[in-house]
Amino acid sequence: MKKINKRLFVASLIAGLTSSGVAHSQAVNLSSETAGPTGVPGQIMGHMADVLAEKKIANLQVAQGQTLTNSVRNVAEGKTDFASAPIILPFLLSRGVGPYGKLGKEKGAKLAANLRALYPYNAGGFYGYFYSNKGYKSWADFKGKSIWNGPPRGAALNNGRQTLVMAAGLADGKDYRGVQQNWGQLMTTLVDGSVDAFVIPTTFPHPYITTMTAAGKVTVLSVPKSKMESQLGKRLFGVPGNIPIVINGKDLGYKDSLTLVSEDGMLRGLGTAFTDVVHKKMSFKMVKAITVAHIETLDKLKKRAAFLSNVGLAEMDAKKSGFCGKSSLKYHPGAVAAWTDAGYKLPACAKP
42 MKKINKRLFV
52 ASLIAGLTSS
62 GVAHSQAVNL
72 SSETAGPTGV
82 PGQIMGHMAD
92 VLAEKKIANL
102 QVAQGQTLTN
112 SVRNVAEGKT
122 DFASAPIILP
132 FLLSRGVGPY
142 GKLGKEKGAK
152 LAANLRALYP
162 YNAGGFYGYF
172 YSNKGYKSWA
182 DFKGKSIWNG
192 PPRGAALNNG
202 RQTLVMAAGL
212 ADGKDYRGVQ
222 QNWGQLMTTL
232 VDGSVDAFVI
242 PTTFPHPYIT
252 TMTAAGKVTV
262 LSVPKSKMES
272 QLGKRLFGVP
282 GNIPIVINGK
292 DLGYKDSLTL
302 VSEDGMLRGL
312 GTAFTDVVHK
322 KMSFKMVKAI
332 TVAHIETLDK
342 LKKRAAFLSN
352 VGLAEMDAKK
362 SGFCGKSSLK
372 YHPGAVAAWT
382 DAGYKLPACA
392 KP
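Position one of the sequence shown corresponds to residue 42 (the numbering used here), numbered consecutively onward.
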């Protein structure tokens, strides 16, 4: 009898240590959703799946090619554990507007209050692209043309449309024919000649640009500095998740296959601030472990794809990361602890 009780005690002790995070004999399963695998959100989620498995923290089961509007709601409703999230989406959800209009403000606000952030990054800036043989000289030449400007709905489509309004006052459906497709179709559309131009989010280098330049010479349009600094520009950058991106044209790469149209050699565009979100009920220890794994492997993440070195990883400035202002999204306490322990200073307005 004593031997049995002793065995039960030892088994209970081991189980208790494992559940408390002191020992990791078996990683938990977590579901996650992200956009296409080649973009910034998909690359970061793929990296997290790899490192969480390596560290035996969690088995992250990643669903790629998702519409992030739905993914963010799924996390808020507790249907998914982890999702890539443009900062604008929790804001729209909290207001019950845009893609969440059918929910209404009360239900939307209740769901948005369930979301917590882990770490910052951005998905690059929105710029105008076309094959140079089209002969366009400026954004004004996009008038009356067919322009690929995003997926059927969601934050990226909003940003694509906003970029055209800011750059040239062009409205979708009135001044040009907007073409929307799922992200998975874009790589084909980039080279099949079915549209005249593209307003898409890119970093440098980027698979979209690489694909286009393999098919011919490409021109990229910068948003004019005066437009970025205009009253309209200031209003657009006041929208949660909209951040200004400015890149020296000398750093774009692609040599003679990519031509920049800019008044001063700088590429300017509207950037999309992102984070990865979890439900507020995810445990402090789990979130801290996930965030610590992210911080400890930042160098490895930057080597995963060349463009990941300039997407705002570990950028804690509120304006550059898209936090605060009209956005009520906060970091999870476990994430705050991880970043603080690593020596980073988070903006007070982004703390819970």
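Since the hints were derived computationally from the structure, they do not count as laboratory data. Even for Gly, the Cβ is constructed at its ideal location relative to N, Cα and C. Treat the hints with care, as some may be off.
As a list, the in silico SDA-like pairs of lysine to any residue whose alpha-carbon atoms are at most 25 angstroms apart [said to hold, decoys possible]:
hint : residue 1 : residue 2
1    : Lys175    : Lys275
2    : Lys184    : Lys148
3    : Lys120    : Ser369
4    : Lys175    : Lys120
5    : Lys296    : Gly210
6    : Lys148    : Gly210
7    : Lys184    : Lys120
8    : Lys326    : Met307
9    : Lys275    : Ser324
10   : Lys360    : Glu270
11   : Lys322    : Pro393
Across the chosen pairs, the derived CB separations fall in these ranges [claimed, not checked]:
hint : residue 1 : residue 2 : range
12   : Pro374    : Lys291    : 21 to 27 angstroms
13   : Lys344    : Ser187    : 46 to 52 angstroms
14   : Lys175    : Asp358    : 36 to 42 angstroms
15   : Ala389    : Lys344    : 41 to 47 angstroms
16   : Lys215    : Gly294    : 17 to 23 angstroms
Checked hints:
1. Lys175 to Lys275: The given pair, whose Cα atoms are some 31 angstroms apart, is violated under the 25 angstroms limit.
2. Lys184 to Lys148: Distance ~39 angstroms between Lys184 and Lys148 Cα, so the pair is violated.
3. Lys120 to Ser369: holds, 22 angstroms
4. Lys175 to Lys120: Violated, because 46 angstroms separates the two Cα atoms, which is more than 25 angstroms.
5. Lys296 to Gly210: violated, 31 angstroms
6. Lys148 to Gly210: violated, 34 angstroms
7. Lys184 to Lys120: Distance of about 42 angstroms is beyond 25 angstroms: violated.
8. Lys326 to Met307: violated, 44 angstroms
9. Lys275 to Ser324: Status violated; Cα separation ~38 angstroms.
10. Lys360 to Glu270: holds, 15 angstroms
11. Lys322 to Pro393: This hinted pair holds, its Cα atoms lying about 13 angstroms apart.
12. Pro374 to Lys291: 21 to 27 angstroms: violated, 42 angstroms
13. Lys344 to Ser187: 46 to 52 angstroms: violated, 38 angstroms
14. Lys175 to Asp358: 36 to 42 angstroms: holds, 38 angstroms
15. Ala389 to Lys344: 41 to 47 angstroms: Violated, at about 33 angstroms.
16. Lys215 to Gly294: 17 to 23 angstroms: At 35 angstroms between Cβs, range violated.
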